[in-house]
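Chemist: The residues making up each chain are set out below.
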Amino acid sequence: MPEIVSREARLSLLERMLLMRRFEEAVIHAAAKHKYIGRNHLYIGHEGTGAAVMAQLKPGDLAHTTHRNHGHIVGRGADPGRALAEIMGREGGLCGGRGGTWHMTDTSVGFQSTSAMVGGSIGLATGGGFACKQLGQGNVSVALFGDGVLDEGISYEAFNFASQYSLPILFMCENNEKPGRRETSMLAADRLLDIPKALKIHTMTVDGGDVEAVHAAVGEALARIRKDQVPVFIESQIEAWPGSHQHKPEFTTGETDISMAWDTGKITGPHADWIRQEPILRYVRKLLAEKAAAQADIEALDKKVQAKMAKARDFAEASPFPQAEGAILGAFA
Amino acid sequence: MPSEKMLTVKDAILEALFEEMARDDRVCIIGEDVGVAGGVFGQTKGLFEKFGEARVVDTPISEPAIFGMTVGAAMAGLRPVVEVMFGDFITLVMDQLVNQAAKIHYMSAGGYTVPLVLRTAVGVGGNLGPQHSQSFHAWVAHVPGLKVVMPQSPADAKGLMKAAIRDNNPVVFIEDRTTYNVKGPIPDGDVIVPLGKANVVREGRDVTIVAVSRMVQIATKAADILAGEGIAVEIVDPRCIVPLDRETILASVRKTSRALVLDAGHLDYGITGEIAAIISEQAFDYLDAPVARLAAPNVLIPCNTALEPLIVPNEQQIAQKIREMLNA
Amino acid sequence: MARAKAVKSQKAVPNKAAGSPLALYRTMATIRAFEETVQRLFLGGHIPGLVHLYMGQEAVAAGVIAELAQTDFIGSHHRGHGHCVAKGGDLDKLFAELLGKRAGYGLGRGGSMHIFDPANGNLGTTGIVGGSVPLAAGAALTAKLRKTGQVAVSFFGDGVLNQGIMFEAMNMAAIWQLPVLFVCENNGFGEFTSIDDVTAGKDIADRGKAFAIPSEHVDGMDVLAVQKAARTAVARARDGKGPSFLICSTWRFSGHHVGDKQDYKEDAETKAWRKRDPIAQLARKLVAKKQATQKQLDAIADEAKSAVTKAAEAARKLESPTPADLMEHLYAE
Chain H
0 MPEIVSREAR LSLLERMLLM RRFEEAVIHA AAKHKYIGRN HLYIGHEGTG
50 AAVMAQLKPG DLAHTTHRNH GHIVGRGADP GRALAEIMGR EGGLCGGRGG
100 TWHMTDTSVG FQSTSAMVGG SIGLATGGGF ACKQLGQGNV SVALFGDGVL
150 DEGISYEAFN FASQYSLPIL FMCENNEKPG RRETSMLAAD RLLDIPKALK
200 IHTMTVDGGD VEAVHAAVGE ALARIRKDQV PVFIESQIEA WPGSHQHKPE
250 FTTGETDISM AWDTGKITGP HADWIRQEPI LRYVRKLLAE KAAAQADIEA
300 LDKKVQAKMA KARDFAEASP FPQAEGAILG AFA
Chain A
0 MPSEKMLTVK DAILEALFEE MARDDRVCII GEDVGVAGGV FGQTKGLFEK
50 FGEARVVDTP ISEPAIFGMT VGAAMAGLRP VVEVMFGDFI TLVMDQLVNQ
100 AAKIHYMSAG GYTVPLVLRT AVGVGGNLGP QHSQSFHAWV AHVPGLKVVM
150 PQSPADAKGL MKAAIRDNNP VVFIEDRTTY NVKGPIPDGD VIVPLGKANV
200 VREGRDVTIV AVSRMVQIAT KAADILAGEG IAVEIVDPRC IVPLDRETIL
250 ASVRKTSRAL VLDAGHLDYG ITGEIAAIIS EQAFDYLDAP VARLAAPNVL
300 IPCNTALEPL IVPNEQQIAQ KIREMLNA
Chain E
0 MARAKAVKSQ KAVPNKAAGS PLALYRTMAT IRAFEETVQR LFLGGHIPGL
50 VHLYMGQEAV AAGVIAELAQ TDFIGSHHRG HGHCVAKGGD LDKLFAELLG
100 KRAGYGLGRG GSMHIFDPAN GNLGTTGIVG GSVPLAAGAA LTAKLRKTGQ
150 VAVSFFGDGV LNQGIMFEAM NMAAIWQLPV LFVCENNGFG EFTSIDDVTA
200 GKDIADRGKA FAIPSEHVDG MDVLAVQKAA RTAVARARDG KGPSFLICST
250 WRFSGHHVGD KQDYKEDAET KAWRKRDPIA QLARKLVAKK QATQKQLDAI
300 ADEAKSAVTK AAEAARKLES PTPADLMEHL YAE
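Chains as they are written, first to last, in numbering that gives the first Met the number 0: chain H, 0 to 332; chain A, 0 to 327; chain E, 0 to 332.
Excised from the complex, chain H in its bound form (with noise of 0.2 Å):
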């Protein structure tokens, strides 16, 4: 299923990834502007894996994330200046300002939860599957979560559950870890897609550098989620950020310049390998190179990106603290 071939499509798809980066750096601007900001899990380097699901993503269907969730978020629709206000903890941001980073969502565009502990949002996520089949409505529920959430045996317990009462479910692992860095967290498993494998739940791995070849799995794997009423688990490989472990949000790899995917004497640094393959710059090359877009329209593009960011930032900085009264409220619905 769905190659995209149209060149609106392409460009929409690569705003989406610009507006994720755009956003991540907005925060990492707020960071250093404001004395707190909180503990962040910025979401650069995976643009390519977030942008190919929400682009995908209906209306009704149902996103579950975990503490990475900038990306999807804004990435699914949520207004960036209410997000951003959100993680700077304003009276205007997406939860009032009590959740931030953290505990974002935004009902309104079809976010279910987000949940820092690991593992959280898998379980809801699964929950979330059962009701899309109750209600009929063809929706589907999708998790997207890091490889992490295998350690946790709430992750099984939701695959067999998934599994055996066929639920509409996409489980979208973001597996950023390299063999032999994630030095805490573990797994027996020789490769990770044999776990949902043993409870039988079809599995598919992809290139997360690789926006059309994600949006193309994602594609495939919805269609069958859709007509089955069945789960199906996709590892997206992504190539870590270098700054990806930090508590306080910096500039690891610079603020993107999209020039440099077509000047490529630009690239230096240490980080200069990760910058070469990330996957918004390696899309601007193949756009070029298939002559889908020129360099004007791909600035154009960044330009309209970055105005709106420029606008949603001035939104969270002008929205005010929550008032203190507020703090004791809306522990019961």
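Check before you lean on any hint, since a few could be wrong.
Derived pair list, reagent style DSBU-like, types lysine-lysine, alpha-carbon separation capped at 30 Å [to be verified]:
#1 A/49 x H/34
#2 H/132 x E/201
#3 A/44 x E/146
#4 E/270 x E/260
#5 H/196 x E/270
I should point out that these hints are in silico values taken from the structure, not numbers from a laboratory.
Here the structure of chain H is known, so what remains is to put chains A and E in place on it, guided by the hints.
Modeler: Below, chains A and E without anything else, positioned relative to chain H:
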């Protein structure tokens, strides 16, 4: 005191681990990021290098089984210190903690002991939000068969950790991250602080504050404020909430005739209610005012600089409450 | 991914006589007699609470435990009397515990689902599905770290297959190459629900294989087959080669608990399984191979019966715990 060195709470606990691991080769450390990484807060730094991977065990992110295995390892002869990274994650190990660890000694009529320490870090104040800030000390204190330790000073933290490791029961050792960098003197030598023995941190005649963990430090600030107004506050730090040193608390209240109980955890059904009830039942005739309580409101803990400071009672609120008690 | 190196541990050799076919017959006959007596006592109102009988599954406990030394560990489950007997449990103390007498393993306070026998390495029966799986793995961790040469066996029912904690424990046992056997006693039902209704995947063994744990199916009604599989797995564990997963197919003759009418089982299926009664099956084999005469076997069964009857009768006369026993052993000294 010239012979005493100064350490932070975090390093004091770490020193206890070093000493206990050197003293007893059955002591081992199990948990996420405790080995090569040295702990996410640096709380196990250097143990891996000194004692090796056999005794400082990095685990997958599998809290229920990590803890369950710790229980089995303890039954089979180890004395493990298992770490649950954030206090909120204690919910993930509740089954093995409540239904296995706490019950095995009793159900085996003493045949098995389960000598382990579950250490976890809590603490409102890092803007870490609802899943990384809550403390369930009242939950675990409610379970017969568990001991619950909540240190505040470096010397106590070290001496209590040593006692917890040497105890033959499952001990839940709750550290408050906001105290981690508090510095204080550490006595020389192998000094144990026994579990279940309260400490009168400050003596005073007018009112007793009962507080554990970080609340002792906040209470001390409040006592300093009130000292300037001529009010002498006595602060009793039970140090363990199970076993609870009732006698020291009651003796203090009998002396001052007024009691304020503090907790950084939630007010409703929390430890302040338990301690207030004990005082009311056993020292009622000595009281000149109702027992008062200040604790966190029953709400989730927002990840927000404007809202989070409203959770834990501060020194101004404590001072004001005591003024009201004295004027009543 | 970090995988522990194989550490060869010292030998702890099981008693050879304990593993002879006649010894296996005696163990199974003792368990059968024990359970029949428990059933009678329960129906007579002498046993408080609930009891889950092991009748039909005797070959699993007898076959596996015959390969263990007294110092090796087992973790049992709610249907655990068979394991307790096979591991060398004292019949007097077992009946005392079941009957709520002070002389029992737990002062008569625990009953059927809380029997602990440290002298024989029995880590306990448990009322929590999957509760003892990590305990056995943890005991194996101790054995490995302290190089004691001990092996641990985790017995669990098919209901545990869907508990996350089983996967977590298997994963860690595989990473650290712990000397542990995971023995699934698959009797087809978790409480009153068929395993087929709730367990995903083509083959249960895949769940172990996903972690690269040697996993095999064993005829759990054939004690010699169980013993053979256990011998290989125990040897592997003792040699520092890590965990094994044995799935023993079996049948619970007396339902989930005493009083279970078993309306959910097909009569024909039950009849077929009954024909494969592990005790009668072994007897037929031994007589056919002239390794024993029926008379010899009957004598063994009679001895077992009378030992059990004697213990049960004696236990009935014992004293109940006193009120002072209520608070005993809440904390260790």
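Chemist: For every hint, state whether the structure bears it out.
Modeler: Checked hints:
no., hint, verdict
1, A/49 x H/34, "violated (37 Å)"
2, H/132 x E/201, "holds (23 Å)"
3, A/44 x E/146, "holds (26 Å)"
4, E/270 x E/260, "holds (15 Å)"
5, H/196 x E/270, "violated (35 Å)"
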